[in-house]
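Residue strings, one per chain:
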Amino acid sequence: MQALVIVAHGSHLNPDSSTPTRRHADTIRATGAFDEVKTGFWKEEPSLREVLRTVESEEVYVVPLFISEGYFTEQVIPRELRLEGWDVSEWDSDGLSADTATLVAEDTGQTVHYCGPVGTHESMTDVIVRRAETVTGDPDVGEGFGLAVVGHGTERNENSAKAIEYHADRVRETGRFEEVRALYMDEEPEVDDVTDHFESEDVVVVPLFVADGFHTQEDIPEDMGLTDDYRTGYDVPAEVDGHRIWYAGAVGTEALMADVVLERAADAGADIEEAIASVREETRETPAAGD
Amino acid sequence: MTSVRGEQFEALVRRLDERPIDFDGLRAEWDGEGYAFETPERTHEGLSQAGLHEAAANAEPYVTNWHFWEADVGHEGRHRRAFLRKLEAADDRSVPERYDSLAEGMVTEWGELRITATLGDAGERRYEVRHEDDAAAAAAALETHEEPLDARDIGTYDEKGRYRPLKTAPTLVDGWVFPALDGRELVEAVDAFYPATVANWNLEREGELDVSHWEGTMERQSGIYSVIQTWNRGKGTDHVEWVAESCCDDSQCLKRREWQYDEETELDAPGGDGAFPCREPCSLVVAAARKWTRLEGEESRTYEFELTPSEKEQVEEIIDAVADGRVDDVREADIYEGANRYRTRFLRAKRFDEEGNLSGTPTESDEDEN
Chain A
1 MQALVIVAHG SHLNPDSSTP TRRHADTIRA TGAFDEVKTG FWKEEPSLRE
51 VLRTVESEEV YVVPLFISEG YFTEQVIPRE LRLEGWDVSE WDSDGLSADT
101 ATLVAEDTGQ TVHYCGPVGT HESMTDVIVR RAETVTGDPD VGEGFGLAVV
151 GHGTERNENS AKAIEYHADR VRETGRFEEV RALYMDEEPE VDDVTDHFES
201 EDVVVVPLFV ADGFHTQEDI PEDMGLTDDY RTGYDVPAEV DGHRIWYAGA
251 VGTEALMADV VLERAADAGA DIEEAIASVR EETRETPAAG D
Chain B
1 MTSVRGEQFE ALVRRLDERP IDFDGLRAEW DGEGYAFETP ERTHEGLSQA
51 GLHEAAANAE PYVTNWHFWE ADVGHEGRHR RAFLRKLEAA DDRSVPERYD
101 SLAEGMVTEW GELRITATLG DAGERRYEVR HEDDAAAAAA ALETHEEPLD
151 ARDIGTYDEK GRYRPLKTAP TLVDGWVFPA LDGRELVEAV DAFYPATVAN
201 WNLEREGELD VSHWEGTMER QSGIYSVIQT WNRGKGTDHV EWVAESCCDD
251 SQCLKRREWQ YDEETELDAP GGDGAFPCRE PCSLVVAAAR KWTRLEGEES
301 RTYEFELTPS EKEQVEEIID AVADGRVDDV READIYEGAN RYRTRFLRAK
351 RFDEEGNLSG TPTESDEDEN
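Protein chains in written order, with the numbering used here: chain A, 1 to 291; chain B, 1 to 370.
For the record, the hints were derived by calculation from the structure and aren't laboratory data.
A few of these clues could be false.
Okay, derived cross-link-like pairs now, SDA-like style, lysine to any residue, Cα gap no bigger than 20 Å in a straight line [claimed, not checked]: (1) B:K160 <-> A:D16; (2) B:K291 <-> A:H12; (3) B:K291 <-> A:W42; (4) B:K160 <-> A:W42.
The following block holds chain A by itself, in its conformation from the complex (with noise of 0.2 Å):
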């Protein structure tokens, strides 16, 4: 028996901040690639130090539903999992490249494939491209168009910026896009100033966040001037400076998202070709803009 557990920020404010590792548990649970699909948080119940008790499975692959890596995947779900002899140079990673590490969970004996974060597989890379998709509501979106990658960005973890500048030079590299910018909202270049970036009349904005908060429905519009007041909303596109914002809220809420987390059980390990190949298929579908 393999489990798969997804281990997320969660919190005790939101309720939002959860949905999408909910909805992507589901995903991957219908496939049916696992025994078991089970999800854990360090601020929502099942807590991080309980969540392996429940899976049943001797085999658990635990992807972290973070953006970037450090404190979290570094510290403290390593610790909370109470991962047997954890040692962050195990991932020997340049801050991109955390893959997997195989250790005990110190209280359950089970063995725990431990992944990188999902926020810096290269295959996030084409969940930015398809939240473009998603929220221009145009599978072909590039042509004309801009695309600004937006991260917290901070002085504590200088891994932050680096997921974001990564996946801004691969989706520049496709050469799909007209601009690829990385923008952050702590630090230089800021996403307050988007249309100075930018020539193209329509840009797309993605922030590499997970979940939809404060962040990225208040803070991110108001300050690219989409809207006066968050809670009167915007439109997408809205206009500002004379160019078409198309604001895509968080990527994490994007279906597809389910795959990097197949990915990096794939990576590690687990034996679920067909479940990628399914979630692949089954989150294809690009709703119209705004939905």
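Following the hints, put chain B in place on chain A, whose structure we already have.
Just chain B now, with coordinates in the frame of chain A:
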């Protein structure tokens, strides 16, 4: 009336080819020449397969019961199995007793859940789950759910539409029913309502519950929570008593607090009466403790307030009403209640200055500001 199905009998014969059965009062074996088959009521020796079939048909509760626990439930999910056996008191009651009771429906309360176990045609179990407040409701009057993970949505908001971050808060909404879950689905639903409670209950039952006490849990905190490690102020363990009293009361959480200050130091605050154990301070307690650690870093000082005796009592009543969540129960026009909104507005109009200072007394004195 249940009956032994062909597939169940075949499973029995296959199993006896491999090894004998000794389960819940049923003993059977193949000795190379014939079958032995025994229940507390009857003993047979040297049976042919046809004879075994007849004996099994005459002892169908034992056979279907064996099949349910060995084939349907199995042994992989140790906590799940233990929980399902608890629901029919399987370790205390004989198979015929259980089958009689299951025919009526055996009820177990689990937090605010009411779980009813019943018997299907061939000994399989069916479980109904509803809110305990809906015990007497007709199933048709409740919203029906087939999918166990619907429990996540039911448990997300309380009856006022507020988010429930603590799944074991006694604020689960009623009005729904899962009429017919199998054992695996039942445990999935229970785990969605009350995560990890089945595992922790069974670990406790087996004497293996790993309790992480306050001190160890706080020592483990890092990042913005590491400030909690500095919180050892005041007399002994008073601060932890206050945390337990404020958060871990039955009125706030259905878990029974098993954690103490540390291995040697028990807390005086009662741990509650819940069915499922709480094995360490939860993330809500940790988050609250972080805030209180900061607040407790302040020194107390002496203020002077002008209040009438009734006004002082009113302030106390307001604090009580908020702390106990009774504010919404105070009737609009009941100005005899200290926490009545109009009476409170009167107090504010009379005793607050323009800056919102009680009795016109500033929080910081002039000396602090200089």
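Taking the hints in turn, this is what the structure says about them:
| no. | hint | result |
| --- | --- | --- |
| 1 | B:K160 <-> A:D16 | holds, 17 Å |
| 2 | B:K291 <-> A:H12 | holds, 14 Å |
| 3 | B:K291 <-> A:W42 | holds, 17 Å |
| 4 | B:K160 <-> A:W42 | violated, 26 Å |
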